[in-house]
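Enquirer: Take a look at the letters that make up each chain.
Number of protein chains: 2
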Amino acid sequence: MNAADPTDGGCPVPGRERSRVLLGHGSGGRLSAELIGEVLLPALGAAAGDGPLEDAAVVTSAGPALALSTDAYVVSPLFFAGGDIGCLAVHGTVNDLAMRAAMPLALCLAYVIEEGFPIEDLRRVAASAGAAARAAGVPVVTGDTKVVGRGAADGLFVVSTGLGRRLDGAAPSAAGAAPGDAVLLSGTLGNHGITVLSTREGLGFEADLRSDTRPLHRLVEAMVTAGGDALHALRDPTRGGLASAVNEIAGASGVGIEIEETALPVPGPVRAACELLGLDVAHVANEGCLVAFVAPDRAERVLAAMRARPEGRDAVRIGTVRDREPGTVWLRTAVGSRRVLDMLVGEQLPRIC
Amino acid sequence: MNAADPTDGGCPVPGRERSRVLLGHGSGGRLSAELIGEVLLPALGAAAGDGPLEDAAVVTSAGPALALSTDAYVVSPLFFAGGDIGCLAVHGTVNDLAMRAAMPLALCLAYVIEEGFPIEDLRRVAASAGAAARAAGVPVVTGDTKVVGRGAADGLFVVSTGLGRRLDGAAPSAAGAAPGDAVLLSGTLGNHGITVLSTREGLGFEADLRSDTRPLHRLVEAMVTAGGDALHALRDPTRGGLASAVNEIAGASGVGIEIEETALPVPGPVRAACELLGLDVAHVANEGCLVAFVAPDRAERVLAAMRARPEGRDAVRIGTVRDREPGTVWLRTAVGSRRVLDMLVGEQLPRIC
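So the protein lines, in turn, are chains A and B.
The first sequence: position 342 = 342 (the working numbering), numbered continuously.
The second sequence: position 88 = 88 (the working numbering), numbered continuously.
Just so you know, the hints here were simulated from the structure itself, not pulled from any lab data.
One thing to keep in mind: the hints can contain errors.
[Claimed, not checked] To be clear about the criterion: a stretch of chain B counts as covered by chain A if any three or more of its residues have a C-beta under 8 Å from a C-beta of chain A, and this derived list gives those stretches: (1) 52 to 61; (2) 64 to 73; (3) 101 to 110; (4) 142 to 156; (5) 163 to 172; (6) 232 to 239; (7) 266 to 277.
All values derive from a computational prediction rather than experimental measurement.
Glycine included, each C-beta is placed from N, C-alpha and C at the ideal position.
The whole structure should be built from the sequences, with the hints applied where relevant.
Expert: Okay, here's the thing in structure tokens:
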């Protein structure tokens with residue numbers, strides 16, 4: 001069939017306005033070219049490259065120290081207060097790079113789309129990803145689009161991969177936390193997870209809440225400037241929440257970590273929702289804060305640098321790394337008792353990112 | 001719930017042998033750590049890094065000229081004669097990098113898994129990806145695993161992203177083809193697409209066929225050594241087949257391309273299947289060959305270098321770039337007539353890669 005074929009119905013005719021994604025949009029042929037050229041690329045705006053569509057994008061690195069990170073996004077619903085799967089995919093990968101003190105050089109976006117997905121929703125998601133990439137100052141250099149039949153995917157999945165350039169002066173690693181380190185948290189807990197859950201289940205909490213999804217690389221840059229190699233470890237407490245993030249650091253660094261329960265900043269609506277739903281806020285996902293493990297002599301300086309940035313305004317010290325019980329995290333509660341803060345077991349909040 | 005909880009049934013207990021993927025395997029918590037530590041990482045073998053699990057992997061580049069490529073794999077069925085979704089994801093991304101004359105430095109793998117997917121199948125896929133990465137000489141430096149509920153995905157999708165180092169001496173680009181260039185094809189056509197289609201539909205052709213999935217970077221390295229900057233454009237004719245690949249080059253380079261139909265190498269079983277099914281072999285996907293556009297004075301040398309490698313053994317010249325009808329591809333047929341070879345319209349063979 002060629003483009004002049006008048007057939008309608010099962011056989012898609014290129015060049016026609018369409019409101020839903022067709023299997024043919026994933027064919028690698030003319031409809032794929034239309035979807036990319038008319039929907040996905042324009043949505044990126046200045047974040048898109050301007051050359052021909054190539055099998056791979058060419059990137060020039062400013063130095064030999066690079067970071068690479070990939071994340072699959074399957075969040076449900078796709079749109080929620082404060083964000084959507086598009087900006088989430090950009091922020092999540094920018095933030096994973098930032099956790100290794102790397103500034104984003106280039107992003108890739110791959111879409112897996114269910115046949116019948118509304119083109120208008122795809123436009124919104126792609127525009128949100130484009131706006132997030134422009135705001136973060138990172139180009140989307142390449143991508144891929146696949147379409148699967150009805151029922152073979154739930155609407156839309158997005159996989160983002162980022163290449164970053166590591167900053168000089170700091171080399172944070174999950175294995176870098178040391179006894180005595182201050183544990184700093186850059187923002188309030190639970191906003192993303194409770195917002196997505198509440199939107200999905202129609203619980204109503206999302207009226208007072210929004211996801212904290214945002215890029216953290218400029219916050220990290222300020223922390224590196226203030227703290228240098230005193231920045232031992234960084235982690236963003238996404239899936240699995242603060243508990244998983246801190247336990248992973250405790251395990252990889254071979255240290256014990258003591259968290260002060262009363263120091264944890266939890267917004268009122270998040271606290272209320274967690275109490276009602278029987279959730280531990282330490283297991284709820286976040287998309288716009290980080291935990292830092294910083295040598296004690298520079299912790300105050302790093303904390304001040306964090307608070308000087310909008311995304312670190314609520315930064316607080318929440319604990320201390322200890323030289324006992326390696327691999328264990330414990331909470332000191334308000335009444336002075338102590339309980340182990342374990343990683344999430346099983347699935348508390350599926351498809352939160 | 002903690003690890004000592006004796007509950008069985010809906011509540012997953014970590015540390016227990018399991019035969020199917022659970023939602024909790026995507027939680028970011030303890031079950032995620034088990035899946036990664038016991039299934040995905042061991043499958044990579046020497047292709048896996050040996051440090052702690054970090055948010056992003058650190059990569060050292062040997063030079064400033066890099067390439068980046070991402071591809072989502074949704075092939076159905078997951079296993080087929082000659083390969084599976086795991087090795088396909090590695091080869092496909094290695095090959096996309098190679099099309100920019102880049103040798104693979106690092107790969108990322110992201111899995112989206114449907115709840116209930118057999119762990120044994122996941123092991124097979126991960127082992128195949130690991131073996132393919134080792135054979136290609138590229139480490140898998142980072143990854144991600146998400147699990148969605150039953151019915152929200154069709155078994156398993158894999159997204160691979162590759163970082164490559166560009167070779168000196170050649171800078172092939174989709175926009176680089178020039179009038180007079182020889183069009184070279186490195187192998188026979190249609191093997192992958194017909195094998196997957198035949199396996200999926202139970203047509204029986206797969207008894208005589210296997211996918212041509214394989215890495216092409218060493219072939220490209222040999223071609224760069226032989227041809228240098230005479231290598232104007234490279235494309236692997238995957239989804240959309242030879243027709244889409246050559247049309248994309250014609251469009252991006254603003255040239256006409258003439259293909260000799262009788263020169264196209266098509267194995268007997270592929271030809272028979274295409275005739276029976278009413279498919280044009282030029283639209284059928286390949287995963288182990290490439291089309292090269294090479295300046296005429298070095299075309300014979302490049303062709304000889306291709307034939308000297310096992311993956312280029314069947315290399316042939318299939319056409320010539322012309323300075324008329326820019327953006328058009330035409331076939332000269334056996335009887336000397338001429339027909340336009342258009343890009344695939346709509347979807348001929350869904351989920352072929």
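Enquirer: Give a verdict on every hint.
Expert: Hints, verified against the model:
Counting residues of the segment 52 to 61 of chain B whose CB falls under 8 Å from any CB of chain A gives 10; the rule of at least 3 is met. Under the rule that three or more residues need a Cβ within less than 8 Å of chain A, the assignment of the segment 64 to 73 of chain B holds, with 10 such residues. Look at the segment 101 to 110 of chain B against chain A: 5 of its residues bring a Cβ nearer than 8 Å to a Cβ of that chain, three or more, so the hint holds. A stretch counts as covered by a chain when three or more of its residues have a beta carbon under 8 Å from one of that chain; for the segment 142 to 156 of chain B and chain A the count is 12, and the coverage holds.
Residue count for the segment 163 to 172 of chain B with a Cβ under 8 Å from a Cβ of chain A: 3. That meets the three needed, and the coverage hint holds. Check on the segment 232 to 239 of chain B: 5 of its residues sit with their Cβ under 8 Å from a Cβ of chain A, so the three-residue criterion for coverage holds. For the segment 266 to 277 of chain B, the stated coverage by chain A is not satisfied: 0 residues place a CB nearer than 8 Å to a CB of that chain, which falls below the threshold of 3.
Taken one by one, the earlier hints fail for this structure only at number 7.
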